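Protein chains in written order, with the working numbering: chain D, 1 to 235; chain G, 236 to 420.
Derived by calculation from the structure, the hints in this document are not laboratory data. Everything numeric in this text was worked out from a predicted model, so none of it was measured. Certain hints may be false.
Think about it this way: if two alpha-carbon atoms lie no more than 25 Å apart in a straight line, the pair counts; the simulated DMTMM-like pairs of lysine to aspartate or glutamate are [unchecked claim]:
id, chain 1, residue 1, chain 2, residue 2
1, D, Lys44, G, Asp414
2, D, Lys31, G, Glu409
3, G, Lys405, D, Asp28
4, G, Lys296, D, Glu68
5, D, Lys60, G, Asp279
6, D, Lys136, D, Glu68
7, D, Lys136, D, Asp28
8, D, Lys230, D, Asp195
9, G, Lys415, D, Glu37
10, G, Lys348, G, Glu406
11, G, Lys410, D, Asp42
Stretch-level coverage of chain G by chain D, calculated; a stretch enters the list once three of its residues show a Cβ under 8 Å from a Cβ in chain D [unchecked claim]:
id, segment
12, 268–282
13, 289–300
14, 371–381
Glycine included, C-beta positions come from ideal geometry on N, C-alpha and C.
Chain by chain, the residues run as shown.
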Amino acid sequence: MDELEFRRTIYADPNCNDGNVNQAAGEDPAKLDFWNELKKLDNKIQQASQVKVPDDLAHKLILRQSMETHRKGKQRNRIHLALAASIAFVFGISFTMWQQQSHISLGEHALAHVYHEGAYALEAQEDISLQQINAKLARFGGELSEDIGQIFYANSCDFENIQSLHLVMQGEQGRVSVFVIPHSDKYSSDRNFSDGKLKGDSVDFSLVSLMIVGEQGQDVEQLKDKLKQKLQFSA
Amino acid sequence: MFSRKQSNIVSVSDDMANKQQRYQSLVYALHSDIYRYAYWLVKDKHIAEDIVQETFLRAWKSLDSLNDEKAAKSWLITILRRENARRFERKQFDLVDIDDISVADEQLSSEIKLEHRELRAIMSSLSEEYREPLMLQIVFGYSGEEIALQLDLNKNTVMTRLFRARNHIKEALEKANDDKGRKNG
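Extracted from the complex, chain G is given alone in its bound form:
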């Protein structure tokens, strides 16, 4: 009886260790992309970090419901979007200017940095309905079908939004360059 009890305890702690390991793998594999996605969703690094924390905590609590590791990414995105929606139920945050963000491209030339900064400003000026599918494509490499599935939208709608998002970015860039040209000329 005692030996059986002991082996139960061992298997329980085995399960626990197993779960812990799955969780840590999940964190290491996906936290960067999830954080970036969160950032582009809320455009504030502190709020993004909070939401990512909440997302992963929820993920830990219901990790047993995740059966297929391949589905982990979209599972986390779903949790994250829900957390973000909950935040809006609570209160509307002031959105912080995009220039606040420290960027990953410190080793790049100042010209490219400037260009990236400009791009980020344009990207964050996109309305959420364009920004969100674009970031799923850019950050996670999702296909049109996958984005449609994740956002519960029609695929044609997704493709139209992606087209408009890039169209907007391109036009805004050209306009900015024109302005610069005029200023310099």
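Bound conformation, chain D alone:
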């Protein structure tokens, strides 16, 4: 190991434990002296590098971290609160909507019922007597005072779990469906209702509603007036 390489090696790392360096220093006392001198210098450099660390630095570092954690925790709490509020809000909204949903429209339901029963009810060929009709109306506290025209069909039906009476009778221009429905909180009744094919009207008595459904163009009003006159419901 020549002089230059020896110097380069110990300058780069005075505390190296290189075999060649050790050997070179062992063989040449001048090299060993030089090396020891350099080690001494390095020791001084090491001491000089030990600048004073601020006394409270460790505490500051830990304090800063706890503040950060606390701040994050508060943020997280705020997020939780916001989350809970949103869930409560959505729950409230959907509960209200659900309640409103169950508040079905009588008109729509009457139309749907007519479509559902279809020909079975509308094309029935019975001729139901006044007596028979009154027997069925008695359940609703109703009575037909006189003949109102031919009644082709009279049967109990289910109106969203409410026992109702489904009638099909002769109107001026064709057959008309009439529903007798006891009042219920579930329903919101609408006066006039219609879709492309059918239209309807309603009459409210004290305990029941009548829903009268006929085809578009039929004079439902006329039958409605007739029913108003001839049908009595005892309160």
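Let chain D serve as the given structure and place chain G on it in line with the hints.
Chain G in isolation, oriented as in the chain D frame:
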């Protein structure tokens, strides 16, 4: 259900306490060396303290990514160097004179103190490319390989820089002594 929830909370706070403990151990074990390294990097005690604070805060935030405690030192140095680089992106600070620093060797004789002060002045006059590997070696006791790894340099480059750094310090010291000798003589 409730008992399970409770045990979850307990384990979460256990994790938290665990993390806190790891962090505090890290602070106590390494803050002095990290601070000194920061000081030699920026040569200003206030900026050094700021950078160390930022470094440890970042370390806390990503403490979960530190899997091997043995790697903690080099991990912190990497964060610190990044923080320092970020500082230069923001703005260039005026460098403060080295004599500002209060030193740890108050109990030493004034002669040695003087010598240390002189050495510090020389060390801080080294350009950063020499000063940084030298301080990794001096402050953290890093080997040439470790410095090369930390600074992403070739090992030969590191050894050359370390050689030049000490060469410069030695020459500067000799020159100063010559000047003194001439003045005294």
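We went through each hint and held it up to the structure:
Between the alpha carbons of Lys44 (chain D) and Asp414 (chain G) the distance comes to roughly 20 Å, so the proposed pair stays at or under 25 Å and holds. Among the hinted pairs, Lys31 (chain D) with Glu409 (chain G) is consistent with the structure: their alpha-carbon atoms are about 19 Å apart, no more than 25 Å. Between Lys405 (chain G) and Asp28 (chain D) the alpha-carbon distance is near 22 Å, which keeps this suggested pair within the 25 Å criterion. For the given pair, Lys296 (chain G) sits about 9 Å from Glu68 (chain D) by alpha-carbon distance, which is consistent with the 25 Å threshold.
This hinted pair checks out: Lys60 (chain D) and Asp279 (chain G) have alpha carbons roughly 18 Å apart, not beyond 25 Å. Our distance criterion of 25 Å between C-alpha atoms is broken by Lys136 (chain D) and Glu68 (chain D), whose separation comes to about 78 Å. As the CA atoms of Lys136 (chain D) and Asp28 (chain D) are separated by approximately 131 Å, the hinted pair breaks the 25 Å bound. The straight-line distance between the Cα atoms of Lys230 (chain D) and Asp195 (chain D) is roughly 28 Å, outside the 25 Å bound, and the hint therefore fails.
Taken as a hint, the Lys415 (chain G) and Glu37 (chain D) pair is honoured in the structure, with Cα atoms around 20 Å apart against an allowance of 25 Å. Note on Lys348 (chain G) and Glu406 (chain G): the hinted pairing holds, with a Cα-Cα distance of about 20 Å set against a maximum of 25 Å. Pair hint Lys410 (chain G) plus Asp42 (chain D) holds up; C-alpha atoms about 18 Å apart against a cutoff of 25 Å. Counting residues of the segment 268–282 of chain G whose C-beta lies closer than 8 Å to any C-beta of chain D gives 5; at least three are required, and the coverage claim holds.
Interface restraint, the segment 289–300 of chain G with chain D: holds (4 residues with C-beta to C-beta distance below 8 Å; minimum three). Check result for the segment 371–381 of chain G against chain D: holds, 5 residues qualifying (beta carbon to beta carbon below 8 Å, three or more required).
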